[in-house]
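Chemist: Spelled out from the first residue to the last, the chains are:
Number of protein chains: 2
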Amino acid sequence: MGMIVDFENDQNDAVLVPPPNFAMVEDCVFRSSFPTPSNFPFLQTLNLRSIIYLCPEPYPEGNLEFLRSQNIRLFQFGIEGKTDVSIPVLKDSIMDALKVLIDVRNHPILVHCKRGKHRTGCLVGCLRKLQNWCLSSVFEEYQRFAGAKSRTTDLTFIEMFDVLSLSQCLYSIIYQYHGSKKRRLLYKDENLQKPRLTSF
Amino acid sequence: MGMIVDFENDQNDAVLVPPPNFAMVEDCVFRSSFPTPSNFPFLQTLNLRSIIYLCPEPYPEGNLEFLRSQNIRLFQFGIEGKTDVSIPVLKDSIMDALKVLIDVRNHPILVHCKRGKHRTGCLVGCLRKLQNWCLSSVFEEYQRFAGAKSRTTDLTFIEMFDVLSLSQCLYSIIYQYHGSKKRRLLYKDENLQKPRLTSF
Numbered sequence: 037m038g039m040i041v042d043f044e045n046d047q048n049d050a051v052l053v054p055p056p057n058f059a060m061v062e063d064c065v066f067r068s069s070f071p072t073p074s075n076f077p078f079l080q081t082l083n084l085r086s087i088i089y090l091c092p093e094p095y096p097e098g099n100l101e102f103l104r105s106q107n108i109r110l111f112q113f114g115i116e117g118k119t120d121v122s123i124p125v126l127k128d129s130i131m132d133a134l135k136v137l138i139d140v141r142n143h144p145i146l147v148h149c150k151r152g153k154h155r156t157g158c159l160v161g162c163l164r165k166l167q168n169w170c171l172s173s174v175f176e177e178y179q180r181f182a183g184a185k186s187r188t189t190d191l192t193f194i195e196m197f198d199v200l201s202l203s204q205c206l207y208s209i210i211y212q213y214h215g216s217k218k219r220r221l222l223y224k225d226e227n228l229q230k231p232r233l234t235s236f
Numbered sequence: 037m038g039m040i041v042d043f044e045n046d047q048n049d050a051v052l053v054p055p056p057n058f059a060m061v062e063d064c065v066f067r068s069s070f071p072t073p074s075n076f077p078f079l080q081t082l083n084l085r086s087i088i089y090l091c092p093e094p095y096p097e098g099n100l101e102f103l104r105s106q107n108i109r110l111f112q113f114g115i116e117g118k119t120d121v122s123i124p125v126l127k128d129s130i131m132d133a134l135k136v137l138i139d140v141r142n143h144p145i146l147v148h149c150k151r152g153k154h155r156t157g158c159l160v161g162c163l164r165k166l167q168n169w170c171l172s173s174v175f176e177e178y179q180r181f182a183g184a185k186s187r188t189t190d191l192t193f194i195e196m197f198d199v200l201s202l203s204q205c206l207y208s209i210i211y212q213y214h215g216s217k218k219r220r221l222l223y224k225d226e227n228l229q230k231p232r233l234t235s236f
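As given, the protein sequences belong to chains A and B, one line each in that order.
Letter 10 of the first sequence, counting from 1, is numbered 46 in my numbering, and no numbers are missing.
Letter 54 of the second sequence, counting from 1, is numbered 90 in my numbering, and no numbers are missing.
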C-alpha cells in the first residue's frame, strides 16, 4: 500500500478536491468535514470500505448513491451539533463509534460530521487516548482542526473519557503486523474482565 | 499494517508524546516539528526507516544516537529558516527532498524542520500538488499547521512549484498495490522524456 503519486494521468487528469479539514489519522483511517459531490473523485482514491457519520440529520441521497456505487458501508451515530449535548449520550455515541472505528474489518474508513471539527475531533481525541497519547498532544491535534472554534466542553469530554471502559465490550483479538515488529489491535472479550465503573 | 491500539500495555504503559505538529501525511509518511528525547518512545512506534531533516543546523548528538539505535537513515536538506531564502535554492532542495520522500524504499519516513510549519509545509504542499490536489486544499492543509505563522511566500512557492519538472530526473518504476485496485508510484527515467523548462 502506498501513496498515490501518478505521473501517468490517463483518466486521472482531473484535479482532486479533498473535503475541507481532510486528513489521515492512522493507516486506513481518515477524517474530514461533510463531503460534497465535488469530493467524490478524491474519496474514490481512498478505496473506502466504511464511513462513520456523526450527525443526526439524514444522509443526502447523492451521497448515499455514491456510497452504493462504491460499496461503502455507512455507520451513523447521531450526535447533536449543539454545545449543550448530554454528556452520557455523547459518551455512548462516541463509544459505539470507536468500536466501529478501531475494527480493521471496516477499514479503510472515513469519519466525518459537518465541519470535521467538534464531533469528529472528539472521536479522534478518544482514539488518541486509546493509543496512549499524552493529553497535551491530543488537545493540540483537536485544536489544529477546530481552530478558533475550539470548545472547552469537547476538551473536557476527551479528558474525562475513560478508554478502559471500552475494553468491557470488545470481543475479539486481531493481531497486526508491520515490518518486523508486531503491533496488536486487541479486542478483549467482555467476559474476560470484570466490568468496572467508568469515570462518567 | 494497522494502527497501534494496545490494551495489553506490558512495557508500553508509558504515555506517548508525539512531537508538536505531528501528523500522518500518507501511508508511511509523517510530519512534525523537531523531535526531542521525550518523543523518542513515540517515534519508535512508527518503525521509521528514514528521516528528512530540512534545516541547515547539525543534527543533535542525542537524536543521532537514537537514529543509530533504531537503524534510521537521516537525509538532511539544509533550508534556511528565514523568509528571504533564495527561490531557486529552495526549489532545488525541495525537489531533492521530494525524490527521497516519494521513494517507498525510504518508508516509513518522517519529515521535520524546526516547528513543522514552513519548510515541512512547503515540502508537503509540493507533494500534494504531485498527488493532483487542488490548490485551495493544499493551502488549507499548509495553514492548518502554520496557523497564525502562515507565510505568503511559502504559498506562492507551492503555487509556482512545477511538479512536472520532477519527472525529468526520476529513474525507476515502482508499482504499488492496494487491495484490488492498482496504485502506481511511477518514476520516469530522465532519458524517457525530453527535459522541459520549469516554471522557475
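Keep in mind the hints are simulated off the structure, nothing from the lab.
Just so you know, not all the hints are guaranteed correct.
Where chains are identical, the list cannot tell them apart; a pair therefore holds if satisfied intra-copy or between any two copies.
Each computed SDA-like pair below joins lysine to any residue, with the alpha-carbon atoms no more than 25 Å apart [stated by the list, open to error]:
1) K165 x A59
2) K165 x L100
3) K185 x L171
4) K150 x E176
5) K127 x E93
6) K118 x C170
7) K185 x S172
8) K127 x S172
9) K150 x V51
10) K135 x P124
11) K150 x S201
12) K127 x E116
13) K118 x L82
14) K118 x N107
15) K118 x L103
16) K165 x V51
17) K185 x R109
18) K118 x R141
19) K165 x S69
Chemist: Going through the numbered hints above, which ones does this structure break? Give me the numbers in ascending order.
Modeler: Structure breaks hints 2, 6, 11, 13, 14, 15, 17 and 18.
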